[in-house]
Each structure stands twice: as structure tokens, then as C-alpha cells.
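As given, the protein sequences belong to chains A and B, one line each in that order.
Sequential numbering from 1 applies to the first sequence in full-length UniProt numbering.
Sequential numbering from 1 applies to the second sequence in full-length UniProt numbering.
For the record, the hints were derived by calculation from the structure and aren't laboratory data.
Even for Gly, the Cβ is constructed at its ideal location relative to N, Cα and C.
Treat each hint with caution, since some may be false.
If you anchor each label on the Cβ, the simulated ranges turn out as follows [to be verified]:
{"id": "1", "chain 1": "B", "residue 1": "Gly216", "chain 2": "A", "residue 2": "Gln15", "range": "42 to 52 Å"}
{"id": "2", "chain 1": "B", "residue 1": "His32", "chain 2": "A", "residue 2": "Phe22", "range": "33 to 43 Å"}
{"id": "3", "chain 1": "A", "residue 1": "Met24", "chain 2": "B", "residue 2": "Glu132", "range": "32 to 42 Å"}
{"id": "4", "chain 1": "B", "residue 1": "Glu18", "chain 2": "A", "residue 2": "Lys214", "range": "37 to 47 Å"}
There are 2 protein chains.
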Amino acid sequence: MDFRTEFKPLTVQPQEIEAKSFEMITEELGPHDFTEEQYPVVQRVIHASADFELGRSLVFHPRAIEAGIEAIRAGRTVVADVQMVQVGISKPRLEKFGGKVNVYISDPDVMEEAKRLNTTRAIISVRKAIREAEGGIFAIGNAPTALLELIRLVKEGEARPGLIVGVPVGFVSAAESKEELLQLDVPFITNIGRKGGSPVAVAAVNALSLMAEKRG
Amino acid sequence: MDFRTEFKPLTVQPQEIEAKSFEMITEELGPHDFTEEQYPVVQRVIHASADFELGRSLVFHPRAIEAGIEAIRAGRTVVADVQMVQVGISKPRLEKFGGKVNVYISDPDVMEEAKRLNTTRAIISVRKAIREAEGGIFAIGNAPTALLELIRLVKEGEARPGLIVGVPVGFVSAAESKEELLQLDVPFITNIGRKGGSPVAVAAVNALSLMAEKRG
Chain A
1 MDFRTEFKPL TVQPQEIEAK SFEMITEELG PHDFTEEQYP VVQRVIHASA DFELGRSLVF
61 HPRAIEAGIE AIRAGRTVVA DVQMVQVGIS KPRLEKFGGK VNVYISDPDV MEEAKRLNTT
121 RAIISVRKAI REAEGGIFAI GNAPTALLEL IRLVKEGEAR PGLIVGVPVG FVSAAESKEE
181 LLQLDVPFIT NIGRKGGSPV AVAAVNALSL MAEKRG
Chain B
1 MDFRTEFKPL TVQPQEIEAK SFEMITEELG PHDFTEEQYP VVQRVIHASA DFELGRSLVF
61 HPRAIEAGIE AIRAGRTVVA DVQMVQVGIS KPRLEKFGGK VNVYISDPDV MEEAKRLNTT
121 RAIISVRKAI REAEGGIFAI GNAPTALLEL IRLVKEGEAR PGLIVGVPVG FVSAAESKEE
181 LLQLDVPFIT NIGRKGGSPV AVAAVNALSL MAEKRG
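Kindly generate the complete structure, drawing on both the sequences and the hints.
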């Protein structure tokens, strides 16, 4: 195949870029109150967003990191709210432990039920996930209604997620959904405010799976 | 299928959420220097990031919006640098005009060639794209090396993209690659600084395809 290899290739190594970026982040972030085990998540979120304000806004339930690592090592399913989160999460590290990433939001039965109930597909997809991915990690980067529904199901004793990564972005209900999550006594990773998004959810889960892998 | 429909469904409509968000954005953004045709892109980028600073940092080549709409209406291929961008872009509106979204970064031949040349898959995937997606829209949300390679190929007369959406995020080369893009006289949408990312690239392309659709 002709890839025009007569051009001088740049010699930029992805690993070098990442290492250099991580150094810059640590230097620029300066003093912070995150624990040593939380910091890799913070670092990777800043790496994915170039946003220190967003990184500093992260909040961890005291058991969040351990719960996330345990869920991954137990091969629990990661549930993504949208496909952007699903494709961004690194699969090989999860698969090593028997895990996978599911997303239900475009399933025909979810779309049909959402239409029937005049509600969001995100809400219905969470209901489907709590049956099919019990004990899993919910990675919610987009849909505040998904996070609100998951919180409601936890409160009613209907859902027992291993970890909730709840970082939806947006102007309507996103910040409010995260405030509600902060009140729950289940392992969560979230942030204060409107910012968030798919790359943030992805970064958190990928940081956790790297930590899970390092445990050997 | 049992979706626990005995629970009271929330009556939140995605269309209402978006309309309300767009109102809030216009109100909070206040005065700005974007043109009427650029503004829908700015608005959708802020919607996707909840980041007004990022929205205000957008820069448009004078022909960017027209070129983007024309490329979509002509059914030109959209080239995504990574899968997160690929899955985020709304397909039905592109398909109406005969267009699609391609991503080459995980193609086996790209991976092999990157290894052989000791360079990034992003660079090789751009080389593949300029042959297979001539005149298309490049939507680069992640890989500065992809944007730098595309710029180099444009300068050498090897690539003639219809529009470059160049908004890679990161600490190494991202801001620099966008500074270089600003010097090119090809239609581009970019932003100043390190911020950017998949949702930004997706928001820009989706805003353009909505505008293309409105032309009827």
C-alpha cells in the first residue's frame, strides 16, 4: 500500500507525548488535596481536557478508587451512557479480567420504550443496564437524565452499582445531577459544575483500569 | 421486555433540554464577534463543553462555514481522527446527501505502517485519508500529529481538504498545531490554546450538517 513513505516521517512517539504531558500537568497543577490513589484519575482527566479547573473540580467518594479497581478486576461490565464513551474506553485491559463495555442507548427496545413512555432513551437505557450489568461501573459523560435515574434507582434499592462515574456535561440538570450524586453513599467519581463530558468519563475509567492492571 | 415501567417516568424531552440550553448559552455569552453563520458552531461547541472560554477561543477561516456546508451537501466524506469523533457525528443528515464518516486510525494497514516507520498511527491515517477522502472534511479532535501532517500535506500540494476542523486537545503540540493551521489559506475551524477534543470536533460538524440540511 502506498502511504507516500517518501515523505520524511515525524518521529513523535505516543508514549513520549503522554509522559511529557503528564509531567507538565503535575508541574502546572501544583499543590492539591487529592490522595495518591486519586491523583492518576485527576491527571488523566486534565490530560483529556487540558482543563485544570475541571480537574480540580473532581470529587471522589472515599471508596471510589478501590471500588473501581475491584469491579474491573472482578470483570464487571462497564456501562457507558453513550457510544462516544463506549469507544473511548480501552478494551484490552478490561478484557484481561473478563470485562467489557456495554452501551444500551441505541438498542431498538430502549428506543421503543422511551418513545412509548415519552421520556429519554438515557433513562430507559439505565433501567436496562441495572438488570444486565449488576454491580458494574456506570460511566456517564453526557446524559444528566441517565445519572438522575441511576441515583433514583439506588435510593429505591433497585440498583447496586459497583462505581458511578457521573460526569455529565451541560446546562440543564448536569450540575444538579452531580450535586445529588454527592449525597449518595455509593462509590462515585464526579465533579462540581456544568463541565464534564465523554472524554472525562473515559479518562476516569481508563485510569482505573491502568491501576487495576498494575496490581498484576 | 421488563423496563420496570411501574416507576414514574421523568418527562424530560431531549428537544426541550437542547432548546433551553441554547437559550442559556446565548444569554450568558453576551456580546461577541462571531458572524451569524458562525454562531451556530460556537453555540454547539459551548453546549458540548459547558466552556465559554473554549467557545470564545474558536477561530474561523472566512470561507469555513460555506465550505463545510458545500462539502456536506456534495456528499464528501468526513474523516475523523479517532473513533470517538466518528461515533459522535450525526450520520443520518450526512447520508441524506450521500456522505459518510470514515476513520482510519485502527485500520490494520495503518497500524502496520506506523510501526514500520516508527511514527504515530494518526499521521499514517491522514496519509491514507487524503487519498481515499479527497475534498472531504477532516475532523481532528485528538491528535495534534494528525493535524500537523495534514497541514504539511496541504503546504506540499498533496492534500486539498474541503474543510479542516482542527481542534486537538492536549499539552504537547496541540496549541502549536492550531497556530500553524491559522496560517493556512484553506477553509478551517480551529481554536486558540490547548483545549479542544472529540466533542468539540463533533459539535462543529453536527452544527454544519444542520445548516446544510436547513438549506433544503
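Problem set entry | Unmet hints by their number, sorted upward, for this structure | Violated hints: none at all, because every hint is consistent with the structure.
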